[in-house]
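Student: Take these sequences, add in the hints, and give me the full structure.
The working numbering applies: residue 2 is where the sequence shown begins, and numbers increase by one.
Treat the hints as calculated values from the structure; they're not laboratory data.
All of these numbers come straight from a predicted model, not from anything done at the bench.
Hints are supplied without guarantee of correctness; some may be wrong.
Quick list of in silico lysine-lysine cross-link-like pairs, BS3-like style, CA-CA up to 25 Å [what the hints assert, rightly or not]:
#1 LYS120 <-> LYS151
#2 LYS175 <-> LYS201
#3 LYS412 <-> LYS84
#4 LYS248 <-> LYS201
#5 LYS197 <-> LYS248
#6 LYS175 <-> LYS151
#7 LYS84 <-> LYS201
#8 LYS248 <-> LYS175
#9 LYS175 <-> LYS120
#10 LYS151 <-> LYS197
#11 LYS31 <-> LYS120
#12 LYS84 <-> LYS120
#13 LYS201 <-> LYS120
#14 LYS31 <-> LYS412
#15 LYS201 <-> LYS151
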Amino acid sequence: MNAQPTPSTVFDVQRIRADFPLLTRSVHGKPLVYFDNANTSQKPASVIEAMDAHYRRHNANVARAVHQLGEESTAAYEGARDKLARFINAPSRDELILTSGTTQSINLVAYSHALPRLKAGDAILTTVMEHHANIVPWQLVAARSGATVKAAPINERGELDLEQYIAMLTPEVKLACVAHVSNVLGTVNPVREIAKECRKRGIPLLVDGSQAVPHRPVDVQALGCDFYAVTGHKMLGPTGTGALWAKREHLEAMPPFFGGGDMIREVRFSGTTFADVPHKFEAGTPNIAGFVGLSAAIDYYDSLGFDAIHAWEQQLLAYATERLREVPGVRIFGEAREKEPVISFLLEGAQASDLATLLDLQGVAVRSGHHCAHPLMQFFGVPATLRASLAFYNTREEVDAFVAALLKVRKLLM
2 MNAQPTPSTV FDVQRIRADF PLLTRSVHGK PLVYFDNANT SQKPASVIEA
52 MDAHYRRHNA NVARAVHQLG EESTAAYEGA RDKLARFINA PSRDELILTS
102 GTTQSINLVA YSHALPRLKA GDAILTTVME HHANIVPWQL VAARSGATVK
152 AAPINERGEL DLEQYIAMLT PEVKLACVAH VSNVLGTVNP VREIAKECRK
202 RGIPLLVDGS QAVPHRPVDV QALGCDFYAV TGHKMLGPTG TGALWAKREH
252 LEAMPPFFGG GDMIREVRFS GTTFADVPHK FEAGTPNIAG FVGLSAAIDY
302 YDSLGFDAIH AWEQQLLAYA TERLREVPGV RIFGEAREKE PVISFLLEGA
352 QASDLATLLD LQGVAVRSGH HCAHPLMQFF GVPATLRASL AFYNTREEVD
402 AFVAALLKVR KLLM
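Tutor: Right, here's the structure in full:
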């Protein structure tokens, strides 16, 4: 699905870093160590340049003009759909809805697929480890319909209790949801097994893929789910980009969520007919330049290959976990057997926000807070954690700088 890496790709991290302009800057007089990649990734120059070139040479609206600029802009925008479809191995480009990101994608499913089907007594199943974007939309449509939202439990290692999740797939469940990868813990969930059990029971499965697509190849056909949502800005692309893949039978049955231009076939006051999928879900002028940038981001992933990316990130994860354990008083949350390079932790006797502020003064960017995952924080009995999330352009030397900064901050606080 992606280009195979060359041998040098695995090791030549400095060459890769040279492609990311922001990584060269300093913060508070210190070299930047950017460990907030689960929040948003940095962008290679090729993405920035692609967007700049679009505005300088090709800017026009899409699907609304026959002039040269309009055709160029439309070709670039639809080309991004083609690349995204290939990137996740969608059966058809027409099953891919271009959105502003996972939040819009999940809300589209909530209001266009779930709400018309839900009734009192029905349920939606999700998990304790979900991002709020995979909880709150279900609560909103459940409140309207009289349905309920159920959450499958996890264990202390931050792993989904698969046996319990399956047991909760009872007849009243009309939609099941799960994160492919936890944004807080890095836990990789067994999506194929969940999808198999959902299919046995005729329950559609939605997967939040925001934290998966930056780190591993995704094949929606092999996963066997019904809906898969992705966010562009976490995978080297611009903010305000993303997609929803859905099986065609669902898309054909779903009414439009937004109404307006470009999603119609004909408008009359006696009634409106809608465009075919995917366009009936894409009302209004889209983020054209953003998807041009996302297209360039996919090209960048292809140039490296996920074998090389995954191997390097797993080395970094193992090294960072080992180094963090050397710091007295550190508690790591989530040590699943399979996880992506995300480490949530706390330092005994210190507030997460204080730690993050002091680390920032040392040039280290990590996120503190609840990470849009209140139920998960409640499970662990803490109000917040720090999260160090790594990417393939990070280095062992940055891990060392991060740990050195943490040790320095610990001395200041203790």
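Student: All hints are to be evaluated individually against the structure, with a verdict given for each.
Tutor: Now for the hints, and whether the structure bears them out:
1. The straight-line distance between the Cα atoms of LYS120 and LYS151 is roughly 15 Å, inside the 25 Å bound, and the hint therefore holds.
2. Annotation: proposed proximity of LYS175 to LYS201 holds, straight-line Cα distance about 13 Å (limit 25 Å).
3. Between the alpha carbons of LYS412 and LYS84 the distance comes to roughly 49 Å, so the proposed pair goes past 25 Å and is violated.
4. With a C-alpha separation of about 17 Å, the suggested pairing of LYS248 with LYS201 holds against the 25 Å cut-off.
5. For a cut-off of 25 Å, the pair hint linking LYS197 to LYS248 stands: about 15 Å separates their Cα positions.
6. Taking the CA atoms of LYS175 and LYS151, the gap is near 11 Å; set against the 25 Å cutoff, the hint holds.
7. For the proposed pair LYS84 and LYS201, the alpha carbon gap of about 32 Å is over 25 Å, so the pair is violated.
8. Under the criterion of a C-alpha separation no larger than 25 Å, the hint pairing LYS248 with LYS175 is consistent with the structure, at around 16 Å.
9. Proximity of LYS175 to LYS120 is assessed by CA-CA distance (about 10 Å); at most 25 Å being required, the pair is judged to hold.
10. Straight-line distance between C-alpha atoms of LYS151 and LYS197 comes to about 20 Å, which keeps the hinted pair within the 25 Å bound.
11. With a C-alpha separation of about 56 Å, the suggested pair LYS31 and LYS120 falls outside the 25 Å cut-off, and the hint is violated.
12. Straight-line distance between C-alpha atoms of LYS84 and LYS120 comes to about 38 Å, which puts the hinted pair past the 25 Å bound.
13. In summary, the hint linking LYS201 to LYS120 is supported, as the alpha carbons are separated by about 22 Å, within the 25 Å threshold.
14. For the suggested pair LYS31 and LYS412, the alpha carbons sit about 19 Å apart, so the restraint of at most 25 Å is met.
15. Straight-line distance between C-alpha atoms of LYS201 and LYS151 comes to about 20 Å, which keeps the hinted pair within the 25 Å bound.
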